[in-house]
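Produce the complete structure using the sequences and hints provided.
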Amino acid sequence: MSIAAAVLEALRAETTNHSGARVARAGLRIGELSGVEPESLRFCLETLVSGSDLDPLAFDFELCPWTRRCRACGATFRVVEWNPACPTCGSPNTEAAGGDQMELTYLELEEP
Amino acid sequence: MRVPLERKVLNENDRLAATLRERFQNHGVFCLNLISSPGSGKTSLLERTLEGFGPERRIAVLTGDIQTDNDARRLQHFGFPVRQITTGGACHLDARMVERALEGWPVEDLEILFLENVGNLVCPTSYDLGEDARAVLLSVTEGEDKPLKYPATFHHADLMVLNKIDLLPYVPFQAEVAKENARRVQPGIEILDVSCTTGEGLDRWRAWLDRHL
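So the sequences go chain by chain: W and B.
So the first sequence is numbered by the working numbering: it starts at 1 and just counts up by one.
So the second sequence is numbered by the working numbering: it starts at 1 and just counts up by one.
Read the hints as simulated data drawn from the structure, not as lab findings.
Ideal Cβ placement from N, Cα and C applies to all residues, glycine included.
Just to be clear, a hint being listed does not mean it is correct.
Unchecked claim - Taking beta-carbon pairs under 7 angstroms as the criterion, some of the chain W residues facing chain B (in silico):
{"#": "1", "residue": "Ala6"}
{"#": "2", "residue": "Leu8"}
{"#": "3", "residue": "Leu33"}
{"#": "4", "residue": "Gly35"}
{"#": "5", "residue": "Ser52"}
{"#": "6", "residue": "Asp55"}
{"#": "7", "residue": "Val80"}
{"#": "8", "residue": "Pro84"}
{"#": "9", "residue": "Cys89"}
{"#": "10", "residue": "Met102"}
{"#": "11", "residue": "Glu103"}
{"#": "12", "residue": "Leu104"}
{"#": "13", "residue": "Tyr106"}
{"#": "14", "residue": "Leu109"}
Said to hold, decoys possible - Stretches of chain B that chain W covers, calculated by requiring three or more beta carbons in the stretch to come under 8 angstroms of a beta carbon on chain W:
{"#": "15", "segment": "2–16"}
{"#": "16", "segment": "150–163"}
Below, the structure written as structure tokens:
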């Protein structure tokens with residue numbers, strides 16, 4: 001719920017640059033390793049928006065996979081079944097490359 | 001009209017955390033964020049840790065709970081400064097709570113600042129508190145698949161403390177499987193076996209702390 005509140009706070013902060021416009025839709029990018037369950041976040045957002053000055057407001061979720069990069073061959077790959085080894089060359093020498101995103105990616109504004 | 005953005009949702013928290021981190025690093029304070037499920041032994045580990053430090057050590061603890069100041073009471077006996085953060089419902093600490101709790105404290109004089117997070121393996125993960133390192137506790141009375149069930153938490157941890165190892169003969173917990181699971185999620189994770197009850201492994205834990213000062 002506090003993540004949902006932070007989303008709305010970020011959204012309000014961004015709209016102050018567009019005074020008078022109302023937000024009809026917002027894009028969110030959520031990584032598999034962000035610690036956020038997208039459906040729970042959607043539920044919390046809908047609960048907070050409902051009946052508020054932001055209502056109606058729709059959200060688009062873009063889900064980002066957990067990825068790692070191979071230090072041996074350079075390939076970036078999606079982690080499947082928690083396996084950190086590179087599927088291309090088999091090297092266990094890999095580093096984190098993505099999956100912890102929690103970002104506001106766009107706002108769709110309606111001018112008054 | 002569509003306005004493209006690249007704004008982190010927790011950008012305000014991250015900004016505050018960066019300020020805290022800079023403050024800690026400028027004064028040589030090692031700040032450790034302790035995360036685990038309720039009951040894995042965060043407060044017990046801190047009790048045993050504080051007990052082992054002489055009065056010349058400059059250690060302090062902020063401990064977070066949804067309600068009660070029981071943990072702060074438990075930790076106050078050792079003569080080190082302890083403050084309770086009562087979140088009043090929030091299931092994690094955030095950088096603002098830490099900043100407020102540090103008001104008026106001689107943070108600059110500390111060697112180690114422990115941040116005992118609210119017992120929860122999910123929400124604390126997303127909130128940077130300005131710590132230098134993050135330790136996750138797992139106890140042998142839990143499931144060895146917890147690193148797989150809560151990968152985000154273990155993925156962001158520098159250290160896993162496997163606690164209650166004195167109970168291993170009495171529970172079906174397979175320690176090697178738990179460690180392998182943690183390493184699959186976070187290949188670089190360090191792992192320490194401890195028992196806060198018998199004291200086993202606490203010397204290695206203290207050495208780990210000292211290595212970071």
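Hint check:
1. Ala6: holds, 5 angstroms
2. Leu8: Because about 10 angstroms separates leucine 8(W) from the closest Cβ in chain B, which is outside the 7 angstroms limit, the hint is violated.
3. Leu33: holds, 5 angstroms
4. Gly35: Where the cut-off is 7 angstroms and the nearest Cβ of chain B is about 4 angstroms from glycine 35(W), the hint holds.
5. Ser52: Because about 18 angstroms separates serine 52(W) from the closest Cβ in chain B, which is outside the 7 angstroms limit, the hint is violated.
6. Asp55: Since chain B brings no Cβ nearer than about 20 angstroms to aspartate 55(W), farther than 7 angstroms, the hint is violated.
7. Val80: At 11 angstroms from the nearest chain B Cβ, valine 80(W) fails the 7 angstroms test, so the hint is violated.
8. Pro84: holds, 5 angstroms
9. Cys89: Result: violated, 16 angstroms to nearest chain B Cβ.
10. Met102: At about 5 angstroms, which falls below the 7 angstroms cut-off, the nearest Cβ of chain B leaves the hint on methionine 102(W) intact, so it holds.
11. Glu103: Check passed: Cβ of glutamate 103(W) comes within 5 angstroms of chain B, closer than 7 angstroms.
12. Leu104: holds, 4 angstroms
13. Tyr106: holds, 5 angstroms
14. Leu109: Nearest chain B Cβ about 5 angstroms off; hint holds.
15. 2–16: Coverage by chain W holds for the segment 2–16 of chain B (12 residues, Cβ < 8 angstroms).
16. 150–163: holds (count 5)
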